[in-house]
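For the protein sequence lines, the chains are A and B, in the order given. Each residue of the first sequence is one higher than the one before, counting from 657 in the numbering used here. Each residue of the second sequence is one higher than the one before, counting from 657 in the numbering used here.
What the hints contain is simulated information worked out from the structure, not anything from laboratory work. Keep in mind the model is a prediction, meaning the values are calculated, not measured. Some clues are possibly wrong.
Derived pair list, reagent style DSS-like, types lysine-lysine, alpha-carbon separation capped at 30 Å [stated by the list, open to error]:
no., chain 1, residue 1, chain 2, residue 2
1, A, K658, A, K834
2, B, K761, B, K658
3, B, K797, A, K791
4, A, K658, B, K844
5, B, K709, A, K688
6, B, K688, A, K740
7, A, K681, A, K763
8, B, K785, B, K797
9, A, K785, A, K724
10, A, K736, B, K763
11, A, K784, A, K658
12, B, K834, B, K784
13, A, K834, B, K844
14, A, K834, B, K709
15, A, K736, B, K761
16, B, K785, A, K658
17, B, K688, B, K736
18, A, K797, B, K658
Number of protein chains: 2
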Amino acid sequence: MKVNIGVSARHVHLSRNDLDILFGKDYELTEKAPLSQPGQFACNEQVTIEGEKGSIERVRILGPLRSKTQVEISKTDSFKLGVKPPVRNSGDLDGASSITIIGPKGKVTVDAAIIASRHVHATKEDAKKYGFEGKEFVSLKVGGEKPGILENVYVRISDSFVYEVHLDTDDANAFLIKNGDEAELIVK
Amino acid sequence: MKVNIGVSARHVHLSRNDLDILFGKDYELTEKAPLSQPGQFACNEQVTIEGEKGSIERVRILGPLRSKTQVEISKTDSFKLGVKPPVRNSGDLDGASSITIIGPKGKVTVDAAIIASRHVHATKEDAKKYGFEGKEFVSLKVGGEKPGILENVYVRISDSFVYEVHLDTDDANAFLIKNGDEAELIVK
Chain A
657 MKVNIGVSAR HVHLSRNDLD ILFGKDYELT EKAPLSQPGQ FACNEQVTIE
707 GEKGSIERVR ILGPLRSKTQ VEISKTDSFK LGVKPPVRNS GDLDGASSIT
757 IIGPKGKVTV DAAIIASRHV HATKEDAKKY GFEGKEFVSL KVGGEKPGIL
807 ENVYVRISDS FVYEVHLDTD DANAFLIKNG DEAELIVK
Chain B
657 MKVNIGVSAR HVHLSRNDLD ILFGKDYELT EKAPLSQPGQ FACNEQVTIE
707 GEKGSIERVR ILGPLRSKTQ VEISKTDSFK LGVKPPVRNS GDLDGASSIT
757 IIGPKGKVTV DAAIIASRHV HATKEDAKKY GFEGKEFVSL KVGGEKPGIL
807 ENVYVRISDS FVYEVHLDTD DANAFLIKNG DEAELIVK
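Can you build the whole structure from these sequences, using the hints too?
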């Protein structure tokens, strides 16, 4: 039950309103490269994110636009920024930390910073085929020099998904995982 | 089988010769705070470490002096610095990466950068009591919102040790572990 791993570096999803403020009214994001999930893409546009203690420059915007702005950072980033983001599934901003996003034309401060949950993208057919149909969480067994098991990998199902686990850079670096590596999905 | 976890931030151990170069001949390190392992201490002195792509300032020196200079960094740090350190047990500098250390009086470039292996400090009695006598590796089961199992935790035995697992900041941040947290040691 091998699965490919996508490593997600810190990034920002923007709402129409916040894109207008950061880059100018009616600005359109430009695609730098497609991501593995259909319709998703990395943009040429970057922003600075800022918390109470520090800032991080050149944070990539991912498209397309969303209904709500969301800033996904790692725990490591959170110490540098001085924010305390909760662990959340993408789209769930309940309790998200306040963070300032700075673009070339303006800045916004929004309750939008989260640490994204470990998750697996799959179609219904993938879930059935690999034995985790109806499961909310699976686990990931990783080999190598710093091996182990990452638990609470949230199952996200959509007919448009490509089967792939997404981890943030803290999880990846702790286990010496590179983007595109394989690991074993396990169901308990 | 609960065990306390010490989180090791990036740090430097220095040889007498390298301390002389960095801080001046016959300089003596000054203690800022004792560490959990007897005789070990954090120093007031800090240095900058530099690789091909970047540098990190204010890296703490740990005392006392050692026979060989050793720089312990995380995988995350390694990307920022542009070095490719191997995973090694403390004291094993086989294949260690070249890194430049900059002090107030001088700088040295040494093959000294490693990612420290996950490890547990224990006495022979601890190993017997907790069931890992004679084992080279144990595992650590971590709870919380990002739970899992960290494997290949190297067993280090000495009569002077305090029973404690040491993890680097990548492992800690991936599992939302803070210095002083508890986890469960497991033996396979």
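Evaluated hints:
1. K658/A - K834/A: holds (15 Å)
2. K761/B - K658/B: Violated - the C-alpha atoms of K658/B and K761/B are around 45 Å apart, more than 30 Å.
3. K797/B - K791/A: Roughly 22 Å separates the two Cα atoms, so the pair holds.
4. K658/A - K844/B: Holds. K658/A to K844/B sits at ~23 Å (cutoff 30 Å).
5. K709/B - K688/A: holds (24 Å)
6. K688/B - K740/A: holds (28 Å)
7. K681/A - K763/A: holds (13 Å)
8. K785/B - K797/B: holds (18 Å)
9. K785/A - K724/A: Answer violated: K785/A to K724/A is near 34 Å, above 30 Å.
10. K736/A - K763/B: Satisfied, since the Cα-Cα distance of roughly 27 Å is no more than 30 Å.
11. K784/A - K658/A: Answer holds: K784/A to K658/A is near 15 Å, not above 30 Å.
12. K834/B - K784/B: holds (27 Å)
13. K834/A - K844/B: The given pair, whose Cα atoms are some 27 Å apart, holds under the 30 Å limit.
14. K834/A - K709/B: holds (19 Å)
15. K736/A - K761/B: Between K736/A and K761/B the Cα gap is close to 28 Å, so the pair holds against 30 Å.
16. K785/B - K658/A: violated (38 Å)
17. K688/B - K736/B: Holds, at roughly 27 Å.
18. K797/A - K658/B: holds (23 Å)
Going down the numbered hints, you'll see the structure goes against 2, 9, 16, while the others check out.
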